[in-house]
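*Asks:* Single-letter residue listing:
2 protein chains.
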Amino acid sequence: MNKNKDNELVFLPLGGSNEIGMNLNAYGYGPADDREWIVVDVGVTFGDPSTPGVDVIVPDPVYLEGENIRGIVLTHAHEDHIGALGWLWPRIKAPLYATPFTAYLIREKLRDAGLLDQVTLHEVPLGGTIDLGPFQVEMVTITHSIAEPNGLAIKTPLGTVLHTGDWKIDNDPVVGERTDIETIQRLGDEGVLAMVCDSTNVFVDGVAGSEGEVREALAELISGLKGRIAVGCFASNVARMDSVIRAAEAAGRRVALAGRSMHRITAAAKSVGMLSDIKPFLSEDEARHWPGEQILYLCTGSQGEARAALSRVADGSHPFIKLGRGDHCIFSSRVIPGNELSIGRLQDTLSERGVRIHTEKDTPGIHVSGHPCRDELRQMYQWARPRIAVPTHGMRRHIAEHALLAKDMQVPETVTPRNGDMVRLAPGPAAIIDEVPSGRLFVDGGMLVEEAGTALRERRHAASNGVLVVSFALDKRGKIVSDIDVRAIGLPGDEDQPLGDILDDLAERVEQTVRGLKGAALEDELVVEQAVARTLKKASQGVWSRRPIVETVVLRL
Amino acid sequence: MNKNKDNELVFLPLGGSNEIGMNLNAYGYGPADDREWIVVDVGVTFGDPSTPGVDVIVPDPVYLEGENIRGIVLTHAHEDHIGALGWLWPRIKAPLYATPFTAYLIREKLRDAGLLDQVTLHEVPLGGTIDLGPFQVEMVTITHSIAEPNGLAIKTPLGTVLHTGDWKIDNDPVVGERTDIETIQRLGDEGVLAMVCDSTNVFVDGVAGSEGEVREALAELISGLKGRIAVGCFASNVARMDSVIRAAEAAGRRVALAGRSMHRITAAAKSVGMLSDIKPFLSEDEARHWPGEQILYLCTGSQGEARAALSRVADGSHPFIKLGRGDHCIFSSRVIPGNELSIGRLQDTLSERGVRIHTEKDTPGIHVSGHPCRDELRQMYQWARPRIAVPTHGMRRHIAEHALLAKDMQVPETVTPRNGDMVRLAPGPAAIIDEVPSGRLFVDGGMLVEEAGTALRERRHAASNGVLVVSFALDKRGKIVSDIDVRAIGLPGDEDQPLGDILDDLAERVEQTVRGLKGAALEDELVVEQAVARTLKKASQGVWSRRPIVETVVLRL
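If you read the protein sequences in the order shown, they are chains A and B.
Start counting the first sequence at 899; every next residue gets the next number (the working numbering).
Start counting the second sequence at 899; every next residue gets the next number (the working numbering).
Derived by calculation from the structure, the hints in this document are not laboratory data.
A quick note: this is a predicted structure, and the numbers were derived from the prediction, not measured.
You may find that some hints are simply not true.
Identical copies carry no separate label here, and so any pair may be met within one copy or between two of them.
Pairs of lysine-lysine residues, derived as BS3-like cross-links and limited to a Cα-Cα distance of at most 30 angstroms, are as follows [unchecked claim]:
#	residue 1	residue 2
1	K1053	K1374
2	K1259	K1305
3	K1124	K1053
4	K1053	K991
5	K1436	K1377
6	K903	K1435
7	K1416	K1053
8	K1053	K903
9	K1436	K1374
10	K1436	K1007
11	K1416	K1435
12	K1377	K1435
13	K1007	K1435
14	K1305	K1168
15	K1124	K1220
16	K1305	K1220
17	K1305	K1124
18	K903	K1124
19	K1435	K1374
20	K1259	K1416
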């Protein structure tokens, strides 16, 4: 630990610096043993097939618990920036600050978590400023794939940090303001100590492209189609929804929303004056009775999520929306890595029904990314001219590549912390000065558990190898006085070896094993259990070439 | 069933027509009740995270069992074309036919399966002809991403079928012959009844590109790099290996192979005269003592496979190959859908070590696909001019799109069978005349089991929800005479609710449930088990918001 009594400015990523998503960043000011903190974003990441039963993963905030946190500022309303508030706020209690659209969605989240009464949530106007002790935080309007995205200019007595949040440079964002270039340039003129910056698209040349171009591409595509149209996109991208809705209206179609988050986000958007001059949505039920060529469904589920609208349309289980031959499904969305198979299955099931699929592969321009590509990163470095580059929001390979780009851009210092690395930004040269406890917590069965916990490890082992359960009763002298009950979970039999025969054979071996034990061994259930488990593991290897989990239950009478 | 006594020519896909991979096709000739058959390809597909514990999936050949099969022809040596021979040959015993390189690898496969003595394997020269009863099969040299790929011209008294196998048009395939355009055009002139054709890249415009171009791109990239170089590619692409080896030699580097299939394939390639004029490979051990700038490793594991060479290099567990800062890893390979996360993790781990990653994203041209894009498909239709198009080797969306392309190409008839659909090709118009038993068999614990089998379903359920096991003993009157043993597999506790407390509470509830049962109920173990299971399921819902698998073991004394 640095025991210096001088004031320092530190940056501490607890999420987002080893992955894309799960953002939780902290800035500290003060002497090492008495820092004041602000937290920027409290996001989740999502489980994948390697974490069965775990849908949501949050950063471990343990280091910040009990610290002097002056406020929590949320840059925008994507789940990887606000999604962990319900789980983590009780551990890092501090007032929340967000712009109105973001605040609307945070309020809903707190309500769901039963926290609404306990939390103070301050609505900050676009471009507004928040005073949080030694930190003066200015909201800097940027562009991204959601309404009201903000970068933060964090001013401290030791210098200004530009925390970009998720951004790109979109000169025609369709909804909301353009990137506030003047402010960023002014900050650059005044001197930016450090820029903590999005690395997502650092491997992509050029620029991400504009929502305005997407609007045109969608209008052209939609105007040329007959039959019903379903469009899958992320509800949180209000500009995209707006573009789809206007393309539909221009083509003489009414719009119906399908999926809970479509309704949730449109309510949030309307609360801040967006989506105001459009025709009322049809309900899904009304839309059923409308001619197919006059209807367009805006649907959740573009990632192939099992219970979302598009999947239910595809498998025919949606109560109101039926698509078939002559109808169209437009994917105005990216493929999130890891979702390729589920999206492929969804598109396949729709194809089976005769639905024509349109994606950015065959119709370029109907989707653009919300993150800066290399030319945009270069532009931002030219505007902000930071002394220190701190790449974040990326896997290690993105962060390493971003560091090279910053070097190319003549940024004097670059530091690439991992989650849990505390970076001193000032005074003196930037450096990682400490490594604090950090990690990921898994939401498992409604509990927050350690990433390396037993439960998930056991489930994974069971998923590949199955479970054998053997139970029997012993009397006081170690004689078996019940049946030997052997059960298999997730273990197969076939014609040559029916499962019943296998289990009978295993019971036989268990009996022999117990009979083979001598006096003292029989008095200790643990010894009996271990001997039986060894027998069953060895036998399983022979039968299934596997080592299932073996549970041996010895009941002593 | 069609009971016509006239001779018919039928095509029956049992794999490959609802997916990319797992190819198993049959052609039948004769009256409906007395057909002679040939089988084309006997391939596997691979499990994915939705099939934990199942790595290999094969087509169900049940319909062909006991039929009169004159021969099994293998078009090329990719696993999705020959990989199921070890599993399925015993069920569809017939002589095998393949060109020399393919035959070499089949022989190895049969040896591994202990079948080498039982199987007759005929080596057919390139361009050779096989007489199989009413079928005269001509091997037509094509190009693909493996050595010795073949299409088949299947001549029958009712017309000729061109079965393309996997192909593209590569005018500079680096290793092996070019596509035998003359033969395909001659077949077209003579009249092709039907073309059964690869659909993999039907959504990709233009052409796949040539191995010759890849050779140039790799040579340029490799010549400019310092430090150690590892190249990940598919071993079966001998042309690619050849290109990498020559690029290495031109840059003054010796080559070492890393990974079993690299050695297996180079042996197969050398057995047919390929890779003949190259310097001997260094062993991995020798290479260790070589200067880094004079070495290049050809590695397996470009898909992020956990036990392959590249993953072991990345995690530092490879016994001989160490890469670090200043070294390079080139991915001369595609991302197979479903492998995005594992490849991302691999690249990340390498980045962590300071290894620079090169992929086709940042260095275009270092990989090309082996399957025909739209312009190549159009070209093939112009050469072959079939009366009937039968798209295969695709998901349903690929097959539907391919049918549209065939229609555009003025092919008079198109038929799009699913696996198990029997297509009459002649006489009369093409039509699906029958649906036969078909499906996928899972290799699970060394057994071939039904796709919908219980074992995998249970493992999946356990993976997400865990398992609860409760065991206790009852005496003859239904009194509990042992401890109530409750165990959780894959279920968590936390600080508020330690797992031990939860299990104690569950045991308590089980006791109350059993005590609450009356006379007759207590005499029937099944009734007791069901009552206890109900209690535990309900309680689990409260504790974990989950429904684990509940095993209730009631031992009656």
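*Asks:* What label fits K1007 with K1435 when the C-alpha limit is 30 angstroms: within, between, both, or neither?
*Replies:* Classified as between; 29 angstroms across copies, 47 angstroms inside a copy.
*Asks:* Is it within, between, both or neither when you check K1124 against K1053 at 30 angstroms Cα-Cα?
*Replies:* For K1124 and K1053, neither the intra-copy (55 angstroms) nor the inter-copy (43 angstroms) Cα distance is at most 30 angstroms.
*Asks:* My question is about K1305 and K1124: at a cut-off of 30 angstroms on alpha-carbon distance, are they close within one copy, between copies, both, or neither?
*Replies:* between (52 angstroms within a copy, 20 angstroms between copies)
*Asks:* How do K1436 and K1374 come out at 30 angstroms by Cα distance, when the copy is not named: within, between, both, or neither?
*Replies:* Answer is within; shortest intra-copy Cα gap is 28 angstroms, inter-copy 35 angstroms.
*Asks:* Indicate which option fits the pair K1436, K1007 if close means a Cα-Cα distance not exceeding 30 angstroms: within, between, both or neither.
*Replies:* Between copies only: 27 angstroms across chains, 50 angstroms inside a chain, cut-off 30 angstroms.
*Asks:* With 30 angstroms as the alpha-carbon cut-off, assign the pair K1124 and K1220 to within, between, both or neither.
*Replies:* Within one copy only: 15 angstroms inside, 59 angstroms across.
*Asks:* How do K1053 and K1374 come out at 30 angstroms by Cα distance, when the copy is not named: within, between, both, or neither?
*Replies:* neither (75 angstroms within a copy, 78 angstroms between copies)
*Asks:* Within a copy, between copies, both or neither: where do K903 and K1124 come within 30 angstroms Cα-Cα?
*Replies:* So K903 and K1124 fail the 30 angstroms test inside a copy (71 angstroms) and across (46 angstroms) alike.
*Asks:* Given identical chains, is K1305 near K1168, meaning Cα to Cα at most 30 angstroms, within a copy, between copies, both, or neither?
*Replies:* Classified as neither: same-chain Cα gap 43 angstroms, cross-chain 47 angstroms, threshold 30 angstroms.
*Asks:* Which holds for K903 with K1435 at a C-alpha limit of 30 angstroms: within a copy, between copies, both or neither?
*Replies:* Classified as neither; 59 angstroms inside a copy, 57 angstroms across copies.
*Asks:* Is it within, between, both, or neither for K1053 and K903, if the alpha carbons may be no more than 30 angstroms apart?
*Replies:* within (21 angstroms within a copy, 89 angstroms between copies)
*Asks:* Classify it for me, K1053 with K991: is the Cα-Cα distance of at most 30 angstroms met within a copy, between copies, both or neither?
*Replies:* Result: close within a single copy only, 23 angstroms intra versus 78 angstroms inter.
Taken one by one, the earlier hints fail for this structure at numbers 1, 3, 6, 7, 14, 18 and 20, listed in ascending order.
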